[in-house]
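> Line order of the protein sequences matches chains A and B.
Just so we're aligned: 11 in my numbering is position 11 of the first sequence, and the numbers increase by one with no gaps anywhere.
Just so we're aligned: 1472 in my numbering is position 472 of the second sequence, and the numbers increase by one with no gaps anywhere.
Heads up, a few of these hints could be off.
Quick partial rundown of chain A residues pointing at chain B, CB under 10 angstroms, derived from the structure [what the hints assert, rightly or not]:
(1) Ala32
(2) Trp33
(3) Ala63
(4) Ala130
(5) Gly137
(6) Glu217
(7) Pro252
(8) Ala255
(9) Glu258
(10) Leu260
(11) Leu261
(12) Leu262
(13) Arg311
Covered stretches of chain B, as calculated for chain A (at least 3 residues, CB under 8 angstroms) [said to hold, decoys possible]:
(14) 1331 to 1341
(15) 1397 to 1406
(16) 1440 to 1446
Derived CB-CB ranges, DEER-like [what the hints assert, rightly or not]:
(17) A:Thr208 / B:Glu1145: 55 to 65 angstroms
(18) B:Ala1013 / A:Asn2: 53 to 63 angstroms
(19) A:Arg289 / B:Glu1514: 44 to 54 angstroms
Note that these hints are calculated values from the structure, not bench results.
Here the structure is a predicted model, which is why all the values come from computation and not from measurement.
Every residue, glycine too, gets a C-beta built ideally from N, C-alpha and C.
These are the residues of each chain, in order.
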Amino acid sequence: MNAITVLTQLLSVLIGVALAPLFLGWVNQCRAWLSNRTAPSLLQPYRTIRKLLHKDAVIAEGASPLFRAVPYLLFGAMATAAAIVPSLSTALPFGKSADAIALVGLFATARVFIALAAMDIGTAFGTLGARREMMIGFLAEPALLMVVFTASLIVGSTELPVMAETLAGRAVAIYPSLAFAAVAFVMVLLAENARIPIDNPTTHLELTMIHEAMVLEYSARHLALIEWASALKLFNYACIGFALFLPWGLAPASAGAEGLLLAFGLLLLKLVVAGAGLALMETLSAKLRIFRAPEFLAMAFLLAVLGLLVRLLLRS
Amino acid sequence: MTALMAGIGGPLAVVVAWLLIGLAGLLRPQSTRIVARVLFPLGAAGGVALMACAFPALSADPISVTLPLGLPDLPFHLRLDALSAFFLVLLGVASAGISIFSAGYFRDGEGTAPGLLCLQYHVFLASMALVLMANDAYGFMVAWETMALSSYFLVTTQHRIAEIRSAGFLYLLLAHVGAISILLSFGVLQGGQWQFAFDAMRQAQLSPTWASAAFFLALFGFGAKAGLVPLHVWLPEAHPAAPSPVSALMSGVMLKTALYGVLRVSFDLLHAQLWWWGAVALAAGLFTALFGVVFAAVQTDMKRLLAYSSIENIGIAFAAFGLAILFHCSGMPALAALALAAMLYHSLNHALFKSLLFLATGSVLHATHERSLGKLGGLIRRMPWVAWTALIGTFAIAGLPPLNGFVSEWLLLQSFLFTPQLPQPFANMMIPLGAAALALTAALAAYVMVKFYGVVFLGQHREPQLAEARDCSVLERVGLVWLSVGCVLLGLVPAWVLLQIDRVNVLLLGSGLELQGRSVWALVPMSSERAAYSPIVFLLGAVLVVGLTVFGVRRLYHGRVRRAPAWDCGYPLQTSRMQDTAEGFGQPIRHIFEPFFSMRRELPTPFDKAPRYRVEVLDRFWAALYLPIARAVLRVAALVGRLQHGRIGIYLLYSFVTLIALLVIVL
Chain A
1 MNAITVLTQL
11 LSVLIGVALA
21 PLFLGWVNQC
31 RAWLSNRTAP
41 SLLQPYRTIR
51 KLLHKDAVIA
61 EGASPLFRAV
71 PYLLFGAMAT
81 AAAIVPSLST
91 ALPFGKSADA
101 IALVGLFATA
111 RVFIALAAMD
121 IGTAFGTLGA
131 RREMMIGFLA
141 EPALLMVVFT
151 ASLIVGSTEL
161 PVMAETLAGR
171 AVAIYPSLAF
181 AAVAFVMVLL
191 AENARIPIDN
201 PTTHLELTMI
211 HEAMVLEYSA
221 RHLALIEWAS
231 ALKLFNYACI
241 GFALFLPWGL
251 APASAGAEGL
261 LLAFGLLLLK
271 LVVAGAGLAL
281 METLSAKLRI
291 FRAPEFLAMA
301 FLLAVLGLLV
311 RLLLRS
Chain B
1001 MTALMAGIGG
1011 PLAVVVAWLL
1021 IGLAGLLRPQ
1031 STRIVARVLF
1041 PLGAAGGVAL
1051 MACAFPALSA
1061 DPISVTLPLG
1071 LPDLPFHLRL
1081 DALSAFFLVL
1091 LGVASAGISI
1101 FSAGYFRDGE
1111 GTAPGLLCLQ
1121 YHVFLASMAL
1131 VLMANDAYGF
1141 MVAWETMALS
1151 SYFLVTTQHR
1161 IAEIRSAGFL
1171 YLLLAHVGAI
1181 SILLSFGVLQ
1191 GGQWQFAFDA
1201 MRQAQLSPTW
1211 ASAAFFLALF
1221 GFGAKAGLVP
1231 LHVWLPEAHP
1241 AAPSPVSALM
1251 SGVMLKTALY
1261 GVLRVSFDLL
1271 HAQLWWWGAV
1281 ALAAGLFTAL
1291 FGVVFAAVQT
1301 DMKRLLAYSS
1311 IENIGIAFAA
1321 FGLAILFHCS
1331 GMPALAALAL
1341 AAMLYHSLNH
1351 ALFKSLLFLA
1361 TGSVLHATHE
1371 RSLGKLGGLI
1381 RRMPWVAWTA
1391 LIGTFAIAGL
1401 PPLNGFVSEW
1411 LLLQSFLFTP
1421 QLPQPFANMM
1431 IPLGAAALAL
1441 TAALAAYVMV
1451 KFYGVVFLGQ
1461 HREPQLAEAR
1471 DCSVLERVGL
1481 VWLSVGCVLL
1491 GLVPAWVLLQ
1501 IDRVNVLLLG
1511 SGLELQGRSV
1521 WALVPMSSER
1531 AAYSPIVFLL
1541 GAVLVVGLTV
1551 FGVRRLYHGR
1561 VRRAPAWDCG
1571 YPLQTSRMQD
1581 TAEGFGQPIR
1591 HIFEPFFSMR
1601 RELPTPFDKA
1611 PRYRVEVLDR
1621 FWAALYLPIA
1631 RAVLRVAALV
1641 GRLQHGRIGI
1651 YLLYSFVTLI
1661 ALLVIVL
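In isolation and in its complexed conformation, chain A is listed as follows:
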């Protein structure tokens, strides 16, 4: 660990935090175009966050300190995750302290925090959202873990930078197990980031809400942090996907400034394509009834387990 790697580490976190709303803005823009609407500006998420930060916070009577702490914890958790997921470079000294299992655990911690905060006020919608979020979570989390396991069985490591490096360094080969895992991962990404078909991020109908129902009681800076954290979560998921399935283009530890610049350009390219793809998927599918969500996620889980089994079968 030297000064350069520490700088790269800080840079990746900062880029994650700064780019995440932009990525969300891009996805929203593509969605608007695809549904023949006039698109909001690419910078709209930043404007929303800025507007919210300037407002006075209104907190429900009887909210406990937990309620007020959660937005900060949530944002902190997602920023910490951005320090573990290789987005720009594989030189992540902080990544040594937590591997992919700890990353999944970190996401779970964030989910538990937000669910508890949603139950804190004791409104009907808050608890409803918490229950649904935990339902999505308990199926999506093991599916994500199985996806990670499939890749780490191929690589022989559970550390994301090592996984990305090893996968990128190999000759381009199609691993059948990774194909299963990739499909499962996309399904998990949709579910965990409150996208269609599981949840609609732009919905105004309370009864169909999942993520939005949990944050109904938040306002101003708290809401801004939660929105930002959600954007960061989407960004992190996208980067996990790149690290596992499109690992090429990450700067190695030895790369200098131009290497990082190249990696940054490639990251932007990947994000542009992935955002457009995500918007396309969302536009083409309809939102599932909440009762069908477990089936969708169970399928993701089964696909991921299948990927793991295929890997073991082909090895023997």
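We have chain A already, so just place chain B on it with the hints.
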């Protein structure tokens, strides 16, 4: 002899002290003050002392002594080795917290007289310590039965309530079914020499068939105590019945003596293991874990919920145990050590967080007189000490980093993940499925704990009298804080803890972990390229980021806050009854895992004057396994009863016929 006594003398002195403290309770049996202010704190000091004197024994050589006690020609043998020492430390740590909590917990007029309760409680503690130190089957069984009986009396503290009596009876029954099985297992283990000291059993050479018989008898017997499905039925009955510190002690510590027993028999007394034992234990453990967590999710009584969660955690421990056998028999010593370390770590973790949560339910129960989740809520505002310590327990048991539950889960997942090719194709297929089941269980545990914590401590009060709930007393706080600090510390220095646990690995498996970089900062079980976890760095990083966020937002913008009624999308009417109940929160699980349950539902119709919704979730094992057995036993008893006529002539005839038959056989 004196040198030998130096090591084992400490734990033995604690056992004697506990017995004396218990007897001292009888001097003034009605005085809650003496029992609470003097005796229970002394018992807690005993727990700390036990921890302190068992800890050095982890790294010492095994010490054996023979006590001048027992039956003629059958003296008690005691032995203190790394395995015993590890579980003694566990007993000491957990019981110290529970005892100091109990000092503030037990009140006047709750069932058994306080002095008697003190006796039962401390005999229970002492017998658990003796179980862990016994070195012959006779001493072991005496301690084991004392443990079962004393805990039975503790469970039935409120013996005037019929349900509690029947719960206690069920517990006693299963404890004895298990004890018979353990006794038979020892009978097989002595291998025809009729020597019941463990030292003799270690020498015995058993054929694979007899070794398997001994293993499965032990698995059944200890499984009945631990709550392995389908022998789990007593847990959800006995835990709600018992006073909370007793539930804590039973769930946190007593279940671990069963894990100790199964380890002692399979790795120490049996000299060789077979791989398929591991496969069976792994499958049984995983099924138990999944079963326990699914049932925990649909419970509406907070202590039943925790009881099912104990079943889940025991299942995880058994899965790790099965994995350890599997690896050990396949010639993978490092992985076997990893799995065994995961099991031991998880046992220690569970002792801490489950005790913590049971104690928290005790405080809630005392403050509100309510055990049903449907009538609690919002206690974080009235009982901050209990709520915040319970939050630590909740995060720990849900397996979230950086607390201790995550570490053992991480270790277990790592041992699943780095399984190289096993020689048996069948076992090879089990590994990924096992990893998937474990991941699902862990995620469900988070669901269960959000339900538990959210419904009890968050939201609005579901009943008006909860607004008067008072926080727990100072001694109770000490107990809660002791256990939660344990949860945090075990989560933060896993590498150091593993170094201690490794001595048990060396004792049982003959080789230890291949820990890299013997630092306390980073946990690197294999190589740093493969996996590493350093919770302190991780936590510091996260704290730094959160701190920067708070600073940035509050400093660069503003910290203005206004309080207003909850918005709730502008709905004007908001009552506490509009929150999810425990049934509501468990509904998705009930829906998804429907085949697990047998449900009795009472649904309202549109014409009801007073609509009522009731759902009862029943355990399928009860109807499918226990009731048929009970019916069969009754039928056999009725058949045997036919022999009874009450006329002496007929009984004499029986004796005569038996005598003739015996003579015919002998001649």
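> Now tell me if each hint is right for this structure.
Hint by hint, here is what the structure shows:
1. Ala32: Interface hint status for A:Ala32: violated (25 angstroms vs cutoff 10 angstroms).
2. Trp33: Result: violated, 31 angstroms to nearest chain B Cβ.
3. Ala63: holds, 8 angstroms
4. Ala130: holds, 6 angstroms
5. Gly137: holds, 7 angstroms
6. Glu217: Hint holds; A:Glu217 Cβ to chain B Cβ min 6 angstroms, cut 10 angstroms.
7. Pro252: Hint violated; A:Pro252 Cβ to chain B Cβ min 15 angstroms, cut 10 angstroms.
8. Ala255: Violated: closest Cβ of chain B sits about 20 angstroms from A:Ala255, beyond 10 angstroms.
9. Glu258: This hint is violated: A:Glu258 lies away from chain B, its Cβ roughly 27 angstroms from the closest one there, beyond 10 angstroms.
10. Leu260: violated, 21 angstroms
11. Leu261: Since chain B brings no Cβ nearer than about 25 angstroms to A:Leu261, farther than 10 angstroms, the hint is violated.
12. Leu262: Not OK, violated: A:Leu262 not within 10 angstroms of chain B, min 25 angstroms.
13. Arg311: Interface hint status for A:Arg311: holds (8 angstroms vs cutoff 10 angstroms).
14. 1331 to 1341: violated (count 0)
15. 1397 to 1406: holds (count 5)
16. 1440 to 1446: holds (count 5)
17. A:Thr208 / B:Glu1145: 55 to 65 angstroms: Taking Cβ atoms as reference, A:Thr208 and B:Glu1145 lie about 59 angstroms apart, which means the hint holds.
18. B:Ala1013 / A:Asn2: 53 to 63 angstroms: holds, 54 angstroms
19. A:Arg289 / B:Glu1514: 44 to 54 angstroms: At roughly 50 angstroms between Cβ atoms, B:Glu1514 and A:Arg289 fall inside 44 to 54 angstroms, so the hint holds.
When each numbered hint is compared with the structure, violations occur for hints 1, 2, 7, 8, 9, 10, 11, 12, 14.
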